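Novice: Here is how the chains run, residue by residue.
Number of protein chains: 4
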Amino acid sequence: MIAETTNSELFKRVKASFMRQGMMQNLGAQLLRVEPGLCEVSLQHSDRVSQQQGGFHGGAMGALADIAGGYAALTAVPSDLEVTTVEYKINFLASFGSGELRAIGRVVKAGKRIIVTTAEVTHIDASGKQTACAVMQQTIVPVPKTY
Amino acid sequence: MIAETTNSELFKRVKASFMRQGMMQNLGAQLLRVEPGLCEVSLQHSDRVSQQQGGFHGGAMGALADIAGGYAALTAVPSDLEVTTVEYKINFLASFGSGELRAIGRVVKAGKRIIVTTAEVTHIDASGKQTACAVMQQTIVPVPKTY
Amino acid sequence: MIAETTNSELFKRVKASFMRQGMMQNLGAQLLRVEPGLCEVSLQHSDRVSQQQGGFHGGAMGALADIAGGYAALTAVPSDLEVTTVEYKINFLASFGSGELRAIGRVVKAGKRIIVTTAEVTHIDASGKQTACAVMQQTIVPVPKTY
Amino acid sequence: MIAETTNSELFKRVKASFMRQGMMQNLGAQLLRVEPGLCEVSLQHSDRVSQQQGGFHGGAMGALADIAGGYAALTAVPSDLEVTTVEYKINFLASFGSGELRAIGRVVKAGKRIIVTTAEVTHIDASGKQTACAVMQQTIVPVPKTY
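For the record, the sequence lines run as chains A, E, Z and C. When we follow the numbering used here, the leftmost residue of the first sequence carries the number 1, and every step to the right adds one. When we follow the numbering used here, the leftmost residue of the second sequence carries the number 1, and every step to the right adds one. When we follow the numbering used here, the leftmost residue of the third sequence carries the number 1, and every step to the right adds one. When we follow the numbering used here, the leftmost residue of the fourth sequence carries the number 1, and every step to the right adds one.
Hint data in this document are derived by calculation from the structure and do not stem from the laboratory. Computed from a predicted structure; not experimentally measured. Do not take every clue at face value.
Because identical chains cannot be distinguished in the list, a pair is counted as satisfied if it fits within a single copy or across any two copies.
What the hints assert, rightly or not - DSS-like, lysine-lysine: derived pairs with alpha carbons at most 25 Å apart: (1) Lys-145 to Lys-112; (2) Lys-12 to Lys-129; (3) Lys-109 to Lys-145; (4) Lys-109 to Lys-129; (5) Lys-109 to Lys-12; (6) Lys-112 to Lys-129; (7) Lys-15 to Lys-129; (8) Lys-12 to Lys-112; (9) Lys-109 to Lys-15; (10) Lys-112 to Lys-15.
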């Protein structure tokens with residue numbers, strides 16, 4: 001987490017939207033980093049995000065990747081617009097029953113009508129060991145801001 | 001919700017796994033129906049599942065579709081096995097700031113190694129009006145049951 | 001192949017675009033049916049569309065599904081517009097080393113900016129037996145017609 | 001194209017499979033590079049691979065990305081096995097009516113049962129200028145070699 005980016009206008013803009021997401025507050029997700037074309041979020045393991053075998057729920061990994069990609073895309077549109085997810089596709093690579101997930105979303109191409117992003121979800125265990133957990137590919141469109 | 005299916009062995013088997021999913025309890029999802037090759041789940045709108053504009057979060061629709069497809073697949077594997085999601089792809093069609101979502105997962109093909117499913121997510125408003133909200137396509141594999 | 005649909009304005013419109021696709025001529029694909037929100041195409045097995053084990057190439061199934069979905073979408077936009085594929089996702093279910101493929105594309109939702117379609121690819125053998133071969137989910141946008 | 005890799009055992013193994021693909025010969029695709037976890041292929045523009053507006057057909061880009069990812073995966077399995085594509089998802093970023101496409105497939109994770117890859121398709125014009133054309137995410141499984 002770099003001071004410049006957490007204090008930047010981009011970070012504030014994304015943070016304002018992020019804090020309005022009831023589901024992200026509910027799951028316990030945190031916004032870590034925002035740069036032009038990039039957004040990083042994190043999620044601690046808890047019963048709130050687990051599946052039947054105790055691991056992070058695929059739905060939680062999907063939601064985390066979705067917002068990492070979506071907020072990366074938001075940095076690429078004018079500030080009077082929001083973005084919405086048209087679709088995403090996610091592959092799950094590994095599952096863990098503790099620790100923390102980090103998702104980094106990146107803009108692949110920011111067209112005027114269509115923005116394409118990818119996200120990588122990585123697990124970090126108590127010792128700091130990192131393991132790739134999921135990769136996502138996503139289509140986003142700019143939409144009018146309604147709040 | 002049909003009595004025969006809620007009392008069936010298939011329903012009980014899926015319910016046992018479903019109730020172990022911390023995230024589904026957290027979001028408030030409910031298991032409605034289980035038949036061979038089919039599973040239906042529901043989710044009421046609340047702040048726990050909302051995005052920044054107040055609508056159902058894409059991550060919530062994704063998680064709901066994921067488990068509908070996953071549990072449809074579970075009905076197609078021997079009872080000593082569980083299933084896990086390899087990947088899914090979801091298109092969002094509409095968003096609503098109230099009411100209820102229903103997701104119906106269906107097995108398209110149950111191979112020995114790979115199971116392919118689809119899911120449809122439909123919104124139901126207070127008057128009972130139904131609107132298509134999302135469509136998903138998913139790849140599942142059988143895995144050993146670890147609990 | 002129904003006379004009404006092959007003679008319809010919709011069929012002629014799609015046929016005009018289809019015949020301009022060098023790749024579809026090259027592969028030997030044929031346009032069978034066009035209705036509002038639906039398009040059916042076929043492809044005979046040949047060395048031109050085979051993979052290393054002799055079966056239909058995944059790329060050929062993908063191309064066939066892509067145009068079935070795309071032309072289904074074309075029926076949902078004004079006649080001065082064309083459509084282009086934003087993305088698609090295809091699952092392969094079976095492969096065959098002879099016979100014919102049929103792909104039926106269907107519009108799931110035709111929004112003003114985004115059209116979502118699905119396609120089913122079915123194999124038909126010499127005896128008429130049908131087997132599901134692939135399912136696709138696709139995102140399409142209307143674009144200006146440039147020819 | 002690097003001499004070491006074109007002469008390597010890996011290159012020969014992939015080349016042997018590639019040359020058996022009737023569709024790749026038909027489209028005019030070429031195998032450029034094979035390294036552990038990576039494969040690069042190319043495709044010249046021609047009427048054999050065009051769509052109705054004259055650009056590279058999405059089906060051709062899809063087929064090229066599919067084999068780039070698939071052959072990257074092949075380098076990660078024992079030499080008595082082949083691989084087959086379970087599914088892929090491709091986003092199209094740009095289209096061109098001349099020049100050459102290059103697709104580079106990369107293994108993201110090579111599990112024993114499931115291999116996940118990505119591919120990037122890039123256009124190169126007559127002056128050497130490169131433009132991103134498509135990104136793909138893919139699921140592969142090892143299968144017995146039948147030839």
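Novice: For each hint, tell me whether it holds in the structure or not.
Specialist: Evaluated hints:
1. Lys-145 to Lys-112: both (16 Å within a copy, 18 Å between copies)
2. Lys-12 to Lys-129: neither (30 Å within a copy, 37 Å between copies)
3. Lys-109 to Lys-145: Both ways: Lys-109 and Lys-145 sit 21 Å apart in one copy and 23 Å across, limit 25 Å.
4. Lys-109 to Lys-129: between (31 Å within a copy, 17 Å between copies)
5. Lys-109 to Lys-12: within (23 Å within a copy, 35 Å between copies)
6. Lys-112 to Lys-129: between (39 Å within a copy, 22 Å between copies)
7. Lys-15 to Lys-129: So Lys-15 and Lys-129 fail the 25 Å test inside a copy (28 Å) and across (35 Å) alike.
8. Lys-12 to Lys-112: within (23 Å within a copy, 32 Å between copies)
9. Lys-109 to Lys-15: within (23 Å within a copy, 32 Å between copies)
10. Lys-112 to Lys-15: within (23 Å within a copy, 30 Å between copies)
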